[in-house]
Structure formats: structure tokens, C-alpha cells
Amino acid sequence: MEYIINQFVNGICQGFIYALMAVGYSVIVGVVGFVTFTHGEVIVFGAFASFYIFLLCGNNLLLGVIGSFAASWLIGIFVYKICYERFFHAPRHIALICTIGVSMLLKNIAQIIFGPNKKPMLNIIKNKIYSFGIVEISKVQIVIILTVIILSALLFIIFMKTRWGISLRAVSQDKTAAAMMGINVKQTAMIGNCMGSGLAGVAGLLIAINYQTVYATMGSNLSIKAFAAAVLGGLTSVPLAALGGILIGIIENMGITFTSASLRDIFTFVFLIIILIFKPQGFSKKKGVRP
Amino acid sequence: MKHFIDTIKSTYGKYKVIVWIICSLLLLIFPALIPSNYVMGVVCRILFYATLAGSLNVINGYSGQMCIGHAGFFCIGAYIEAILATQYHINFWVLLLVGGIITAIIGGLIALPTLRMQGIYLSIITLGFSEVVRLIALNWTSVTGGAMGVKGIKSPTLLGFTLSSPKQYYYIFLVIGIVFIFVTNRIINSRTGSAWISIREDELAARSLGIEIKKYKILNFMYGAFWAGVMGAAYAPYTRYIDSTYFSLDEGFNILSMVIIGGQGTLIGPILGAAVVNSLTELLRSFSEWRMVAYAVLIIAMMWLRPQGLVGASDSVLAGDKMKKKKIKVLAKEEK
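Residue numbers (the numbering used here), protein chains in the order written: chain A, 1127 to 1417; chain B, -4 to 331.
Isolated chain B (complex conformation):
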């Protein structure tokens, strides 16, 4: 197995450019290869959730904070887009940024009171926040339309083309996803990213090395919330109609299960998680009530067998005590 992985790695190293060109070409002509609109819809969902789960992974996987109510931020972004686009006719591409920035500010305000405490307080606050946002969306009828939701959200236009079907929307989600991966990769490899990872590994050690814990934690949370807002704003015109039932706590758990199953602390993890969970959703469509049970069992199994997730960061605190035992074994060998 290890030999096999090494062979793949060495071939990839040799033909790096060719592999990348083939991959990007495949991604570009992918909609032409698949005729069915249904399959395209599933692919769009996978792409969409990959970015959304990625934004949650920035919070949960890279800085070791636990956000559970990610659906709340997603909801804020979606409602901002829907309301501003239907009532004030603002351009979709501007609203992507506006939705992200407002969501990031709200996320920062939510995380602010919990910075002095351990992570669990943040988890509960986000859980409650998600429910409160949903209640406000349901009850503030004059702005959000209440239980009726917001109808008739316009599809985005680009250079005169209207992008409405899943095949065209595929490119929007793809571009946002690629921008997300690119920017996040740059940040993770920068000073800020190292600070986040060091906070996750050992908060006390990070603090004693002079890292401003509060600043980096809140930065991390706002960055994650920003992308959740952007994805919300991209999602609203895709369905053309939103109401508060889309953003229940189950939606938040759905996103969380993608991150945990796919793997925390790596960029590829949430993408794999989104693919696995969404395919599972399609497979279990006829037993829809057992869907969440299946996710729950998968989450528990992951925690028992492989706490970092399928392709998560194995050399981190996320991997649990198994790593500790391995390290002790290695140390014992070296002493002999």
C-alpha cells in the first residue's frame, strides 16, 4: 500500500504540469460530457457543499474551535442576497462580496464574548445563534417574508448571458470553489495559517511563543463566516426561492458531518466529505428518514476508528491518542 502511494507520488512529481492541464480541462468540459440535468444538479450540490464544508473546516480543522451552527451564517448570506437583489436590484457579483463581509462581521460579534473561555462555549453559542437566526428569518415578516420566504430571486448575468440551469451554474460554483481553495491555501501557508495551526495543536505553547490568541481566533472565525456568507449569497439565486426551513439545525449538522467524515485539517478533506455525504443522500433517497441516522452512525464510527476523518491531518492533535502512542513507540525505539 505504501509502495503504491509512493509510486503515485513520484509519477505525479514527474508529470505535474500535464496532470494539472488534464484535470482542469476535464473540469471545464465536464457539463458537456453529462447529458442529464439530474446528475448535473447533484454535481452542483457537491461543488457547493465542498466550499461550504471547506469554510467550516477552516474554523474546526485549522484553529481547533468548534462551530456547530454553520447554517446560521449560510442563512444570513442567503437572505442578504435574496432581499437586496429582489428589492434593490443590486448586481449578483457585488452581493457575493457584500453578503460575505456582513456575515463575517456578524460572525466576529458572535465569537467576541466567547474568546475568554474554552471552545465549548463557542459551540453552544453558534448552536443557539443558528436557531435564533432561523427564528428571526421566520418572524420578521416585513423584511424576510416570514414563512412565505423570498420568491423570484433573479438568476445572475455575466456579459449578457443569464446563468440559470445547473449546467451553467456549475461554472459559478466551480470558480468560487477554486478561488476559495487558492486563497485558503495561501493563507494556511502564511504566518496567519501557522498561527491558527499552532493554536490548534497547543494553545498554551502558542501563547507563550507570543501569538496573540484572541486576534487569530477571531480572524479565523471571521474568515470561515465570510465564505459561508459568500456561499449563501451564491445559493439563493440557484434555488430562486428561500425560506427559513432550508436553514434548520439539521442543515448545520449536515455540513458538520461532511467535514468530520471527509477529514479535518486538510483542504481535500471537505471536498471528499461533500462527495461522500451527497452521494449517500442520493443513494438513500427512498429511505430519507434514515439519512440523518446514517450520518450520525458514520460520525460516531469516525470518532472511534479514525478521529481525523478519511483524509484528515494525521500528524495533528485531531488524530487523537493513536498518534501519541505511535510517537511513544518511535521514541522508545530510538532510545534502544
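Bound-form chain A, shown alone:
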């Protein structure tokens, strides 16, 4: 019983990381209007950026978060310039295939630069376990959950209170109308894409801390998880995407508690299929343009 409860806590912690990825995903899909396949690779680059920062500058979590955010922001600009900028008015599948191409490119370049082997992440946070009754939670998990909550709050403030946020929301609702109101749609879409990518990069850092390893090919499974979580909110609703991420984390960890750990990725897929069968449009109430 204790074991199951602790697996549940692990699930929530992992769910928070997936939630951050899914939030980034739904920001990208909402603002740019295209579905992306590069999310997993962006996550990998963020993780490696933080890995090298920790290697060079020592244990400074804040520096790591900023570094991985910045690195993924740059990758986001690259992805936007190649995949989206020219293709806003072209048939949709062209941008889609372009993101597949960029995802292949980034994945293999990552393998060449960082090497194909798993690398052990440095111990950033001294591992200490706090126990409340039978529930045990480690310091790493608390740091992860706090980071995700702080970043989500920051994103919420940017979305609701600043000029950037207003133009981002306007572009995500209707590109033509936003352009008529004097918003630079292309620039705003780029900022949205970069923001989503940046959040994904930080998620990469958190995953690396949680599993204590980084490797170049971990992206493709994470990409599917981010998508599955975002489907719960109809791909564009940010809070529901976060909820989806937490749910996937819990389902995964409960699943591997009762079966074996090598089947981890199958549960995400089953979750995705079940949602598509029963609630294909997600639980979002927003009536707007869907990608």
C-alpha cells in the first residue's frame, strides 16, 4: 500500500513535468496554428543546454533554467523560420512535413554533437526525503513541482496582463482580425512559438534532473506524451493541457506499478486512443479556429 501511494506521488511529480511540456505545446499550436513534431527535440536541446551549464558553472539551478529556456528559445526561432514563416497560406501538410524534416534534422544532429550514449546528470539538488506519515516526497520532487508552478504562473501573468499577452491571445483567436488591429502577426507567432519551445526546454531540464540521465534520443516519446496531454484540451486550451499532463503522469506510474517498467510508453498511447474515442474534441469549451 505504501508502495502504491509513493508511486502515486512519483506520478504526480512526473505529471507536472509533462504538464509543462503540454502547456508549451498548446501555446505553440494555439498561437502559430500548426501542429508541430519538433517538440521532443526542443526538449532534448534544452536538457543538454542545462547539462553543459551545470558542468561548466556548477550547481546553480536558476542559471540552468535560464540557460535551457534561452537555448530552446533559439531553437524555436530556427524552427519558426524554416517551418512556418513561408507557409501560413500554403496547404497545411507542407508545414507539417517541414516540422517532421526539422525534427529528423535536430534529432540526428543532437546524436552527432552529444554522442549516442546516456550521460549521467550531475546531482544538482542534495537528495533529502521528507516523510509525512506514510507519504514520502523527496526534495527533487518538491523543486520540480515548485518550478513548474512558478513558470505556469509567470506564463499566466504574461498572457493576461501584458501587451505581448494581449497580442498573443488575439493572434491565437483570429489572425486576420489581429492583423487588422495593427498587430504584427508574424512576429507575434514567432514569439509564441519561442515561448512554447522555451517552456519545453525547461521541461527537458526537469526530466534530466528527475531521471538523472540525459540522452539524445529521448525526444520522440516525450513528443507523443505532450501531444496526448494537449489533446485533452482540444490542443489549444492551456489549463486543460496541464491537467492532461498530470493525468498522464499518474496513469503511467500506476500502470508500471502493476505491470513492468518497459511498458511505460504504451499507457500514454492507450490514454490517447481512449480520449479520441470518447471525447475527440477535448473538454475545451472555446469555440474558435482549431488547427
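Bear in mind the hints are in silico, worked out from the structure with no lab data behind them.
Fair warning: there could be bad hints in the mix.
Said to hold, decoys possible - Heads up, incomplete: computed chain A residues facing chain B, CB under 10 Å, no partners named:
hint: 1; residue: Ala1221
hint: 2; residue: Ile1350
hint: 3; residue: Ala1354
hint: 4; residue: Ile1392
hint: 5; residue: Ile1399
None of these values were measured; they are calculated from a predicted model.
Every residue gets a Cβ at the ideal spot worked out from N, C-alpha and C, and that includes glycine.
Let chain A serve as the given structure and place chain B on it in line with the hints.
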């Protein structure tokens, strides 16, 4: 250039029968002309991938759906052949059909939940499916052999001959390829094929003309999956040993890059794509890690410069906005 193409077309029209006889004779005696087993192996791979990419092209190029994890279907076909042949000693030629039919049914079940949504959901589902199939093949040790794979798959026999070397296998791949091209050509020119193409061009217009979108989409997907299963079943005895590493996501991207580079929406496109990509693989053998990077750059370049691929269907939605501009220009000229 245009004059040159027209000349070729008119000469081809005059001597159609002779050209066909020469081509088929060349294809028949081809293995005798080439002594080296290595080159024959490459030719076999090109033929094999031409059909596999062709089956993906039926899905991506003709009905405008996007399947990315084609390696998953290929994997199912290969494992069905390998397991049934090694444990129950069923004939290879029967298993070709069985593998295809089971794969088609699984493909239909996978596509079913996504029919109500836009194509992107199907893409993600196939991507996840491909990975799930690989994981099942890796972990279901009692049936698939797990990480050890399936060993000692028997070579097929025909009229008492055992077909094992690449030279003999060339004919199997050739015959399957020709049957595939023939059947697909008949279907594309039939009512069903027109329905697929109209769905690709404009789904809303097709629906308002009374085409049952769901039925034709799922038919299309099952047909593509069927041939992927057949090719999987043909591939397993060719290598005599399969394990789950053959069917990774990279394999799916490999097939996808052939379709995109060669050209979507034509029957000749995937054949050219398979030839280009496989020759590139052989050329880049010494830099094998840069191989996928080269494909990725080629895919992006294709999307920027020629979205329909090298010999793809230029008069379709696959060609992107360039066609639209041309049409507008033509219309403007006509108005003047």
C-alpha cells in the same frame, strides 16, 4: 526542355509495344547482367523499398492523409510471417496474403478513432502506434523472442526450387512490385481512386458531392496497410532473422523520406524516391551518422522548392501555393 519531353512522348506513343517488350526483357535478364552479389543486394533493396514506399504513397499521396509510422505495419507483417513460418511451417505464399490481411485489419482499427478529426490526429496515432508495436515486439518474449528476435526463417520455395540468394529474391520482389503497380493503377483509375483523389483535393467539396468520406478514407488506409504487411512478410525470409531494432521510428522516417523526395500522388514517384534514397545510403555508407541528416535536409529542401516531390502530381493540392499563383495568372490572362 518542353520540346524534348514532347518528342519523347510522341516516340513512346509510336513504339509503345516495342518499348514495353524491351523493358520487360531487360528486367528479366537483369540479374544475369550483374555478377556482383553486393550490387544485386542494393537492387533488391531498391525494389523492396519501391513497393513499401508505394504503399505509403497510396495513403499520403492519394487521399491526403498523413501516416508517419509506416514501420509499424511493416513490423506486424514481418513478425506474422516469421512466427507462423518458424513455428507452424505454413507456406510462404499463403503467409504473404495472411500477413497483408491481418495488417490491413489492424490498420483499420487504428484509423477508426481518428476518422472524425483532421488528418493530424492520424499522424500522431500512427507515430505512437509504430513505437507501441516495436515495444510489444521487444517485450512479448514468449511469442516474438524479445530482444533475441526470430531466428532461422526458412527461404521460400517455388516448384521445388529454394529462393535464397539476392539474385533469386530479385524475382520475388519484382513480381510483387509489378502486381502492386498493376492493382493500384486499376484502383486509382476506378471510382474508388477518384473518390480518394477528390478527398485529397477538397474534402468539403467531395462530401457535398455525396462521397462517403469515412468509408473511403478507411478503405484507403487499409489498402496501404495491406501492402505494407505483404512487404513485411516478404522481407522476413529475405533477411532470415528479424528483431525489433529493424522497425524503429527511423525506419518509418526513412520510408517517408522516399515518398516525399520521389514524389507524392504518382505511381512512379516512390520508385524514383527509393532509387535516390537507397543510392544515397550506399554513397554515404562511410558517413553513416550523417545519412539521416542528409535525408532531413532533402525533405526540407523539397518542401521549400518543390512540395510535390521530384516527379509528384504537379496539378494537385500537393504542389502547394505555387499552383494557385499559376492558376490566378492563367485566369488573369484569359480575362484580358
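Checked hints:
1. Nearest Cβ of chain B to the Cβ of A:Ala1221: about 8 Å, under the 10 Å cut. The hint holds.
2. Proximity of A:Ile1350 to chain B holds as hinted, the smallest CB-CB distance being about 5 Å (cut-off 10 Å).
3. At a threshold of 10 Å, the smallest CB-CB gap from A:Ala1354 to chain B is about 8 Å, leaving the interface hint in force.
4. A hinted interface residue such as A:Ile1392 counts as satisfied when its beta carbon comes closer than 10 Å to some beta carbon of chain B; here the least separation is about 5 Å, so the hint holds.
5. For the restraint placing A:Ile1399 at the interface with chain B, the shortest Cβ-Cβ distance is roughly 6 Å, inside the 10 Å limit, so the hint holds.
Figure legend: structure checked against the earlier numbered hints; every hint is met.
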